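Undergrad: These are the residues of each chain, in order.
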Amino acid sequence: MINSSLKQLASMLQAKKISSVELTQSFLTRITQYNPSINAYIALDEAKTLAQAKAADARIAAGHATVLTGIPLAQKDIFCAQGWQTTCGSKMLANFIAPYDAHVITQFDQAGAVNLGKTNMDEFAMGSSNETSYFGGVKNPWSFDHVPGGSSGGSAAAVAARLCAAATGTDTGGSIRQPASLCGLTGLKPSYGVVSRYGMIAFASSLDQAGPMAKSAEDCALMMNVMAGFDERDSTSLQRDKEDYSRELNKPQTDQPLLGLKIGLPKEFFAEGLDASVAQVITVAIDVYKKLGAQIVDISLPNTGLSIPVYYVLAPAEASSNLSRYDGVRYGHRAAEYTDLNDMYNKSRAEGFGAEVKRRILIGTYVLSAGYYDAYYLKAQQIRRLIAQDFIEAFKQCDVIMGPAAPSTAFKAGEKVDDPVAMYLQDIYTISTNLAGLPGMSLPAGFAQAKDGPALPVGLQIIGNYFDEARMLNVAHQYQQVTDWHQQMPDLKRA
Amino acid sequence: MALSIEDIKKIAHLARIEVSESEATATLSKLTGILGLIEQMQAVDTTGIVPMSHAQELHQRLRDDVVTKTNQREAFQKNAPMLGNGSTQPAVAGGLYLVPKVIE
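Heads up: the sequence lines are chains W and D, in that order. All the letters of the first sequence, read from the start, carry residue numbers 1 to 495 under this note's numbering. All the letters of the second sequence, read from the start, carry residue numbers 496 to 599 under this note's numbering.
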């Protein structure tokens, strides 16, 4: 049952083969058993969770169930959920109880989904290994010596370890796709503006986007049907008609369901820096796509290498502004001892933020400071346009773009923690889509043997054109009809 | 451009983050590495390219000029930090937030 799809769980619930309380309890039991070692959750509240499950059972009994009614989900701790501890992985917000719900939380509540708890994450979503969390690192369920990726590392580990049916994540530079890749899941970062950012704690507002992390593309589509949609409370939410993200998945099956699909392979995604064992897995996955009828087109995204420098100007600049709200005045950490107002700010922020968050605030402050604006911020915005134009050109030649989601499989905890630049390079294949505002996803494509350790998951990335999520989900779904990588589960007793 | 310890202290002051001497030294080496990465941008000719400030070309929506927010002061003030300097009371009084005196 823990490996069932959302659709299977929904039909079991609606046929009353199992109640939501029973299903929820079975996940809570697994959480009690495994979370102490994996550390995927920051906050759990059994009473609240079971009350929601009970309400879901009543709703199912009354015949008003939606697909997700009664299904236990995990929510990244970046989303405000009323009455829940909401920390964003930071000491700054360790005692913050959200007084309202994020739009995404409201949407899941209205669908009748059950909130199992808040998942661990890199502090303020800044990291690629979950090691910057104030609440400790998260273990990769495939190997406890390895990181789950980040920043949505807790959500990734919770889905991989089957400590929830599915989870939410957010992606500013790869924070859904890279952990999905490292933990063997399917994760989707939608086009910018598709999911409301209301109540989602801000990191870099022009890049942040929420999306689902689940076992399969089909599950992601069902999650998207709930998460996506216009919300007037987010000034960047797009006014678009409601979409059924499952619509392409339900077409009749044929031998070559992707006949005519043009897949672009950017040469820059297969150049130096890509682990050979990962490249091998991706090549095999592309061969599967050829059998499904797709046609391969060689393309180029020449400015890919510049995406990291550009991102590490723009994201810290936006973060330094967004995080200036944490001043110790109205909420968040306030220093125990201080002399005057400035001293209170200085000490509260020095104590409340961790090292990586402080580094990014300092970089952001520097690049925005007097005399440097043109050389850094403006320059980065200009190159951002070049990066976006690369994609516009590429999509004249192909329907979707494929490549690896991350340059390697999961690395060992502690391996990159003292080298920010090496950590930043983890996101070389994911950042450019955030800069362009395009949708991207990662799906499990097999395993690669680490140099000195176990076989670990490899993620295939699919990048689509603006608002092409439904097609991307189908492209992933068709692969998952002929492969079973997405159904593999880690052995937690041996990890 | 190479950063100095004095630059780090100045930036930290602007960002209102206290740094000790040893933290400033450690931060200097890390920031120097990151700025080295960022420096790659300078090799690109961006003459005439319109800066891209956002992921979507958006126009700000205007909402109707009506009250939409309700007063939630009490709910919000439950998250007030402790006053500090020996007091474990919340830093609120009479619906206001308490901060050190700034005007004589």
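Warning: the hint list may mix true and false statements.
[Stated by the list, open to error] Dumping the calculated DSS-like pairs for lysine-lysine here, alpha-carbon to alpha-carbon at most 25 Å: (1) W:Lys416 x D:Lys525; (2) W:Lys251 x W:Lys262; (3) W:Lys91 x D:Lys573.
[Said to hold, decoys possible] Ranges between beta-carbon positions, derived for each pair: (4) D:His554 x W:Ser321: 15 to 25 Å; (5) W:Glu393 x D:Leu591: 55 to 65 Å; (6) D:Ser515 x W:Val297: 48 to 58 Å; (7) W:Gly83 x D:Met577: 47 to 57 Å; (8) W:Glu22 x D:Ser515: 48 to 58 Å; (9) W:Lys251 x D:Glu569: 45 to 55 Å; (10) W:Lys396 x D:Leu509: 19 to 29 Å; (11) W:Ala15 x D:Glu569: 57 to 67 Å; (12) W:Ile18 x D:His554: 25 to 35 Å; (13) W:Arg240 x D:Ala521: 40 to 50 Å; (14) W:Asp484 x D:Leu509: 29 to 39 Å; (15) W:Gly63 x D:Val561: 34 to 44 Å; (16) W:Ser321 x D:Val562: 21 to 31 Å; (17) W:Tyr100 x D:Gln555: 47 to 57 Å.
By construction, these hints were calculated from the structure, which means they are not laboratory data. Because the structure is a prediction, the values reported are computed rather than measured. The beta-carbon is built from N, C-alpha and C at its ideal position, and this holds for glycine as well.
Undergrad: Each hint should be assessed against the structure and marked as holding or not.
TA: Quick rundown of the hints versus the structure:
no. : hint                            : in the structure
1   : W:Lys416 x D:Lys525             : holds (13 Å)
2   : W:Lys251 x W:Lys262             : holds (19 Å)
3   : W:Lys91 x D:Lys573              : holds (18 Å)
4   : D:His554 x W:Ser321: 15 to 25 Å : holds (22 Å)
5   : W:Glu393 x D:Leu591: 55 to 65 Å : holds (56 Å)
6   : D:Ser515 x W:Val297: 48 to 58 Å : holds (55 Å)
7   : W:Gly83 x D:Met577: 47 to 57 Å  : violated (21 Å)
8   : W:Glu22 x D:Ser515: 48 to 58 Å  : holds (54 Å)
9   : W:Lys251 x D:Glu569: 45 to 55 Å : holds (53 Å)
10  : W:Lys396 x D:Leu509: 19 to 29 Å : violated (44 Å)
11  : W:Ala15 x D:Glu569: 57 to 67 Å  : violated (45 Å)
12  : W:Ile18 x D:His554: 25 to 35 Å  : violated (48 Å)
13  : W:Arg240 x D:Ala521: 40 to 50 Å : holds (47 Å)
14  : W:Asp484 x D:Leu509: 29 to 39 Å : violated (54 Å)
15  : W:Gly63 x D:Val561: 34 to 44 Å  : holds (37 Å)
16  : W:Ser321 x D:Val562: 21 to 31 Å : holds (28 Å)
17  : W:Tyr100 x D:Gln555: 47 to 57 Å : violated (23 Å)
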